[in-house]
Amino acid sequence: MTLTVDTLTVWMNKFADKIETNKQYLSDLDTPIGDGDHGFNMDRGMKAVEEKLSTKPSDLTNGLKTIAMALISTVGGASGPLYGTAFLEMAKKSSSTDNIGELLDAALAGIEKRGGAKPGDKTMVDVWSALVPSVKAGNLTKDKIRSAVDATKDMVAKKGRASYLGERSKGHIDPGSESSGYLFETLLETEGLL
Amino acid sequence: MTLTVDTLTVWMNKFADKIETNKQYLSDLDTPIGDGDHGFNMDRGMKAVEEKLSTKPSDLTNGLKTIAMALISTVGGASGPLYGTAFLEMAKKSSSTDNIGELLDAALAGIEKRGGAKPGDKTMVDVWSALVPSVKAGNLTKDKIRSAVDATKDMVAKKGRASYLGERSKGHIDPGSESSGYLFETLLETEGLL
Amino acid sequence: MSLGLTLVSHVPEIANGLPKLLNQVAKDVPITTAGGTNDNDIGTSMEKIMQAFDNNSADEILAFYDLGSAKMNLEMAMEMSDKKVHLYDAAFIEGAYTAASLIQAGVGLDDVEKQLKPLIVKD
Amino acid sequence: MSLGLTLVSHVPEIANGLPKLLNQVAKDVPITTAGGTNDNDIGTSMEKIMQAFDNNSADEILAFYDLGSAKMNLEMAMEMSDKKVHLYDAAFIEGAYTAASLIQAGVGLDDVEKQLKPLIVKD
Ligand SMILES: Nc1ncnc2c1ncn2[C@@H]1O[C@H](COP(=O)(O)OP(=O)(O)O)[C@@H](O)[C@H]1O
Ligand SMILES: Nc1ncnc2c1ncn2[C@@H]1O[C@H](COP(=O)(O)OP(=O)(O)O)[C@@H](O)[C@H]1O
Ligand SMILES: [Mg+2]
Ligand SMILES: [Mg+2]
Ligand SMILES: [Mg+2]
Ligand SMILES: [Mg+2]
Numbered sequence: 001m002t003l004t005v006d007t008l009t010v011w012m013n014k015f016a017d018k019i020e021t022n023k024q025y026l027s028d029l030d031t032p033i034g035d036g037d038h039g040f041n042m043d044r045g046m047k048a049v050e051e052k053l054s055t056k057p058s059d060l061t062n063g064l065k066t067i068a069m070a071l072i073s074t075v076g077g078a079s080g081p082l083y084g085t086a087f088l089e090m091a092k093k094s095s096s097t098d099n100i101g102e103l104l105d106a107a108l109a110g111i112e113k114r115g116g117a118k119p120g121d122k123t124m125v126d127v128w129s130a131l132v133p134s135v136k137a138g139n140l141t142k143d144k145i146r147s148a149v150d151a152t153k154d155m156v157a158k159k160g161r162a163s164y165l166g167e168r169s170k171g172h173i174d175p176g177s178e179s180s181g182y183l184f185e186t187l188l189e190t191e192g193l194l
Numbered sequence: 001m002t003l004t005v006d007t008l009t010v011w012m013n014k015f016a017d018k019i020e021t022n023k024q025y026l027s028d029l030d031t032p033i034g035d036g037d038h039g040f041n042m043d044r045g046m047k048a049v050e051e052k053l054s055t056k057p058s059d060l061t062n063g064l065k066t067i068a069m070a071l072i073s074t075v076g077g078a079s080g081p082l083y084g085t086a087f088l089e090m091a092k093k094s095s096s097t098d099n100i101g102e103l104l105d106a107a108l109a110g111i112e113k114r115g116g117a118k119p120g121d122k123t124m125v126d127v128w129s130a131l132v133p134s135v136k137a138g139n140l141t142k143d144k145i146r147s148a149v150d151a152t153k154d155m156v157a158k159k160g161r162a163s164y165l166g167e168r169s170k171g172h173i174d175p176g177s178e179s180s181g182y183l184f185e186t187l188l189e190t191e192g193l194l
Numbered sequence: 001m002s003l004g005l006t007l008v009s010h011v012p013e014i015a016n017g018l019p020k021l022l023n024q025v026a027k028d029v030p031i032t033t034a035g036g037t038n039d040n041d042i043g044t045s046m047e048k049i050m051q052a053f054d055n056n057s058a059d060e061i062l063a064f065y066d067l068g069s070a071k072m073n074l075e076m077a078m079e080m081s082d083k084k085v086h087l088y089d090a091a092f093i094e095g096a097y098t099a100a101s102l103i104q105a106g107v108g109l110d111d112v113e114k115q116l117k118p119l120i121v122k123d
Numbered sequence: 001m002s003l004g005l006t007l008v009s010h011v012p013e014i015a016n017g018l019p020k021l022l023n024q025v026a027k028d029v030p031i032t033t034a035g036g037t038n039d040n041d042i043g044t045s046m047e048k049i050m051q052a053f054d055n056n057s058a059d060e061i062l063a064f065y066d067l068g069s070a071k072m073n074l075e076m077a078m079e080m081s082d083k084k085v086h087l088y089d090a091a092f093i094e095g096a097y098t099a100a101s102l103i104q105a106g107v108g109l110d111d112v113e114k115q116l117k118p119l120i121v122k123d
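Protein chains in written order, with the UniProt record's numbering: chain A, 1 to 194; chain B, 1 to 194; chain C, 1 to 123; chain D, 1 to 123.
One chain only, chain A, in its complex shape:
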């Protein structure tokens, strides 16, 4: 349950790969209920993160801060400040703990503060708020991740671009929730982390 510079780097590289593989799919999810760029945004952001992490950060706090700044500068869409704030809050929290559960708690609080979304609003908050407790309880699984992402499908969006569609936002998975699902999947796949 300890995040180190090394596990952070492995995690981020896996996340970047998954984003790259699925960037078209993420953007397709963003097409009916958004502007069709979420995968391209995240891919641009995670390529910048990979590039930054190719020089080993001096410590965990700097690693997390570097990721945050890269995402904030390069993503472009709403997901930039949201993921960026998540990693920035983890960076702040990392001065007092390296426990992944506690770090993710801080990240989720940051996302909620930044975007003002609550669970049920059909945003990435739905996935984070469902899965952070599982990480802390030590029982995160692929199935739980899939259900958390899929649960956004029938929600009516209250935040972000999809909220302009009101009822019409129903029936589509939220793209930021899908990419957040990838973040938790790659967390699960990072050996020696959970």
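Note that these hints are calculated values from the structure, not bench results.
No residue lacks a Cβ here, since even glycine has one placed at the ideal position from N, Cα and C.
One or more hints might be untrue.
Output of the computed footprint for chain C on chain D, the stretches with three or more beta carbons under 8 Å from beta carbons of chain C [unchecked claim]:
| no. | stretch |
| --- | --- |
| 1 | 76–84 |
| 2 | 107–115 |
Only pairs whose alpha carbons sit at most 30 Å apart, straight line, appear in this in silico BS3-like list of lysine-lysine [to be verified]:
| no. | chain 1 | residue 1 | chain 2 | residue 2 |
| --- | --- | --- | --- | --- |
| 3 | B | K52 | B | K158 |
| 4 | B | K65 | C | K84 |
| 5 | C | K122 | B | K118 |
| 6 | D | K83 | B | K153 |
| 7 | D | K117 | A | K158 |
| 8 | C | K117 | D | K20 |
| 9 | A | K159 | C | K84 |
| 10 | B | K153 | B | K56 |
| 11 | C | K27 | A | K47 |
| 12 | A | K153 | C | K114 |
| 13 | C | K122 | A | K23 |
| 14 | B | K159 | D | K84 |
| 15 | A | K158 | C | K122 |
| 16 | B | K92 | C | K83 |
| 17 | C | K83 | B | K159 |
| 18 | B | K113 | C | K27 |
| 19 | C | K114 | D | K114 |
| 20 | A | K158 | A | K118 |
| 21 | B | K158 | D | K83 |
| 22 | A | K118 | C | K117 |
| 23 | B | K23 | D | K20 |
| 24 | B | K153 | D | K117 |
| 25 | A | K159 | A | K47 |
| 26 | B | K65 | B | K144 |
| 27 | C | K27 | B | K159 |
| 28 | B | K170 | C | K122 |
| 29 | A | K159 | C | K83 |
| 30 | C | K20 | D | K20 |
| 31 | B | K153 | D | K114 |
| 32 | C | K122 | D | K20 |
| 33 | D | K117 | A | K159 |
| 34 | B | K65 | C | K83 |
| 35 | D | K117 | A | K113 |
| 36 | C | K83 | A | K153 |
Start from chain A and add chains B, C and D with the ligands according to the hints.
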């Protein structure tokens, strides 16, 4: 009390001259409570009107319509559709009457419909609604014109750009009221019309 | 019955720029614009608005504007045009974005108007 | 204490065009803008917003934005900047026009905020 192609032309040329002489003053009136262009707008418009009327219109209706279209096309600011509608409504009305009072009644109704302003809203409607009855009663004077224009000074604007200033619009003469004052002054100065 | 947008701004750059934001979420919605005076100064032009109505391939047009004098030119253009045009006193960018998103999603005029209600901020 | 505006739009053209409308009625009000992403694509940039705060010569800044993600970048920039910035969820163009007119007329922050109230249309 009869408007003809000839008196209309004399009237418009006098109005154009007065606007040209006072264009800087009108724009200065428009500076504290607007965007400082009313005199330049009206001057551009009335130059186009003069130019059009240099070819004698076939009849009163066509003359009025020509003036309307020239103002609509060239003024640029709010006063374009307002004066334009005034002359367009006079053109329509001129198929059944050439009485200046009745024509001005139609013009005023057009301005009110176009801009949605009522007397007291600190717009040209204040001057028109005060003076059209005097024209009809045959007792229009320079003094009445001056008072109608000056009465806008202490009003709070409810329409147009000045309305964004709320209470701060007080203490300034409305520029469109001043130019409307010129229209009535030159009407008075047009021999054989009233 | 197809729906389209006409956007009227005092500033040519705003009229040209706003469709870039809307096309991202509404690539199939016909959007035409009228920005600036006939001389491309700050202001609006009835002729440009008529042209924007004519150039719009939709059967019915939803029209949005920035400031009051644009509304007057819009209403004159509506009176002179054969097109069916609906004019909204909605927040300009926010209203146009909302309408574009909903039309793209296949929402009908009545429901679009319902969602524009809270965005009505001028008259 | 002087007041200025910072305008944040997803579209560079809108960010560049809006000051032309406002300068006409508020030629003494400092107005700075941030439009588009760092690559000048459609989107917003925290860095550009910080720059717009820095470039603004006023003591206090009133900030306006078009869509929600611009607000997030604005709030991040506010947290990282030393400038005193007030953020309004007002109709973008209408709110900025109202604020610019009032500041030019010497109206203070409290009264400007009162007049912005009816223009608050998003969150
Ligand atoms: N206010 C918000 N709070 C939480 N998440 C949000 C919010 N707004 C948007 N999102 C998330 O961001 C995702 C969209 O990201 P992206 O497409 O990159 O940004 P944009 O909508 O600016 O194009 C959404 O699917 C949603 O999960
Ligand atoms: N809604 C309205 N109804 C009547 N008159 C109006 C209205 N809006 C503006 N005006 C008149 O127009 C004048 C301003 O004209 P002008 O400066 O040429 O236009 P703009 O305000 O677009 O720059 C105002 O002084 C006022 O008399
Ligand atoms: Mg998107
Ligand atoms: Mg986007
Ligand atoms: Mg003016
Ligand atoms: Mg003007």
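Hints and how they fare:
1. 76–84: violated (count 0)
2. 107–115: Answer violated; 0 residues pass the 8 Å Cβ test.
3. B:K52 - B:K158: Violated, at about 34 Å.
4. B:K65 - C:K84: OK: K65 (chain B) and K84 (chain C) at ~25 Å, within 30 Å.
5. C:K122 - B:K118: Holds - the C-alpha atoms of K118 (chain B) and K122 (chain C) are around 17 Å apart, at most 30 Å.
6. D:K83 - B:K153: Violated. K83 (chain D) to K153 (chain B) sits at ~39 Å, over the 30 Å cutoff.
7. D:K117 - A:K158: holds (22 Å)
8. C:K117 - D:K20: holds (29 Å)
9. A:K159 - C:K84: violated (33 Å)
10. B:K153 - B:K56: violated (39 Å)
11. C:K27 - A:K47: holds (28 Å)
12. A:K153 - C:K114: Holds, because 24 Å separates the two Cα atoms, which is no more than 30 Å.
13. C:K122 - A:K23: violated (42 Å)
14. B:K159 - D:K84: It is violated: about 33 Å lies between the C-alpha atoms, which goes past 30 Å.
15. A:K158 - C:K122: holds (25 Å)
16. B:K92 - C:K83: Distance of about 23 Å is within 30 Å: holds.
17. C:K83 - B:K159: holds (28 Å)
18. B:K113 - C:K27: Not satisfied, since the Cα-Cα distance of roughly 37 Å exceeds 30 Å.
19. C:K114 - D:K114: With a Cα-Cα distance of about 27 Å, the restraint between K114 (chain C) and K114 (chain D) holds, given a limit of 30 Å.
20. A:K158 - A:K118: holds (9 Å)
21. B:K158 - D:K83: violated (35 Å)
22. A:K118 - C:K117: At roughly 25 Å apart (the allowed maximum being 30 Å), K117 (chain C) and K118 (chain A) satisfy the hint.
23. B:K23 - D:K20: With Cα atoms ~22 Å apart, K23 (chain B) and K20 (chain D) stay inside 30 Å; holds.
24. B:K153 - D:K117: Holds: K153 (chain B) and K117 (chain D) sit about 27 Å apart, inside 30 Å.
25. A:K159 - A:K47: Cα-Cα ~27 Å, so holds.
26. B:K65 - B:K144: holds (29 Å)
27. C:K27 - B:K159: Violated: K27 (chain C) and K159 (chain B) sit about 36 Å apart, past 30 Å.
28. B:K170 - C:K122: OK: K170 (chain B) and K122 (chain C) at ~21 Å, within 30 Å.
29. A:K159 - C:K83: Between K159 (chain A) and K83 (chain C) the Cα gap is close to 35 Å, so the pair fails against 30 Å, i.e. violated.
30. C:K20 - D:K20: holds (19 Å)
31. B:K153 - D:K114: Given that 30 Å is the threshold and the Cα spacing comes to 24 Å, the pair holds.
32. C:K122 - D:K20: holds (21 Å)
33. D:K117 - A:K159: Measuring from Cα to Cα gives roughly 22 Å; hence the hint holds.
34. B:K65 - C:K83: holds (23 Å)
35. D:K117 - A:K113: holds (23 Å)
36. C:K83 - A:K153: At roughly 39 Å apart (the allowed maximum being 30 Å), K153 (chain A) and K83 (chain C) break the hint.
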